[in-house]
Amino acid sequence: MPVKILYFAWVREKTGTAEEIVDLPEGVATVAELVGWLKTRGPQYAAAFARAEVIRAAIDRTHVAADASLANAREIAFFPPVTGG
Amino acid sequence: MAVRVQRNSFDTDAEVKALTAGRTDIGAIVTFTGLMRAANAGKAVTAMSLEHYPGMTEGELQSLEEEARRRWSLAASLIVHRVGDFSPGDPIVLVVTAAPHRQAAFAAAEFLMDYLKTRAPFWKRESGPEGDRWVEARDSDAAASERWGAWRRGGKDP
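Protein chains in written order, with our numbering: chain A, 57 to 141; chain B, -9 to 148.
Be aware that a few hints might be false.
[To be verified] With a straight-line cut-off of 25 Å between C-alpha atoms, the simulated DMTMM-like cross-links for lysine to aspartate or glutamate are:
id	chain 1	residue 1	chain 2	residue 2
1	A	Lys70	B	Glu126
2	A	Lys70	B	Glu41
3	A	Lys95	B	Asp75
4	A	Lys70	B	Asp122
5	A	Lys60	B	Glu41
6	A	Lys60	A	Asp123
7	A	Lys70	B	Asp75
For the record, the hints were derived by calculation from the structure and aren't laboratory data. As the structure is a computational prediction, the values presented were derived from the model and not from experiment.
Full structure from sequences and hints, please.
Structure representation (structure tokens):
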């Protein structure tokens, strides 16, 4: 099933992509598994997610943890800890 | 109760007037304005750009207001956050809280800012004599939001 993936701030800079549509492969059911798969897609992705523990995720515009399920997700976003205000 | 994300600056007096027009139940208004400083983490900053996650940002800010209203008796509230390019001294964020009494207005304004800093998807990139860098999140901001207790919407703390 195709999902939209968004990248923000230095995650976007490192992947070189602001947004893309991907087909989730078999066996990718959680945010952490998606990160693991993205890292295999090329050196830019490997670099962007090298410190995966600092990267935050949202599913359909809600903050989620790394073990969150991707079931029914339409939009998944990856970004650094926020720095507004 | 409103939130706005915009590139333009804001006029605090005009926002307060609009928020309180025709109201006679408000006894206290607290406004907080966050400004850009010319130094951060010991380094000079000459310019800054601020990006966000359109859609999620507005949703998170609305959630903050809803949570503030669950915790305090507020008559009105407003959050305005700017994005785009900034120079030192420029206003970045405005929070207005209005309540029958001052305690709720003070506390809610502080709560909104503390949680905005840890939940709302904004990112700052600073420029200075030493080059450009993404601003790093501060442990002190996380601690400031944690002192308000668990986030009650069932959502995860980022």
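- Query: Given the proposed pairing of Lys70(A) with Asp75(B), does the C-alpha separation stay at or below 25 Å?
  - Reply: 21 Å, holds
- Query: Is the Cα-Cα distance between Lys70(A) and Asp122(B) 25 Å or less?
  - Reply: 15 Å, holds
- Is Lys60(A) close enough to Glu41(B), meaning Cα to Cα at most 25 Å? Cα-Cα ~19 Å, so holds.
- Query: Straight-line Cα separation of Lys95(A) and Asp75(B) no greater than 25 Å?
  - Reply: Cα-Cα ~32 Å, so violated.
- Item | Agreement of Lys70(A) and Glu41(B) with the hint, judged by alpha carbon distance not exceeding 25 Å | 16 Å, holds
- Message: Check the hint pairing Lys60(A) with Asp123(A) against an upper bound of 25 Å on the C-alpha distance.
- Response: Distance of about 19 Å is within 25 Å: holds.
- Take a quick look at whether Lys70(A) and Glu126(B) sit within 25 Å of each other, Cα to Cα. 16 Å, holds
The structure shown violates just one earlier hint, number 3.
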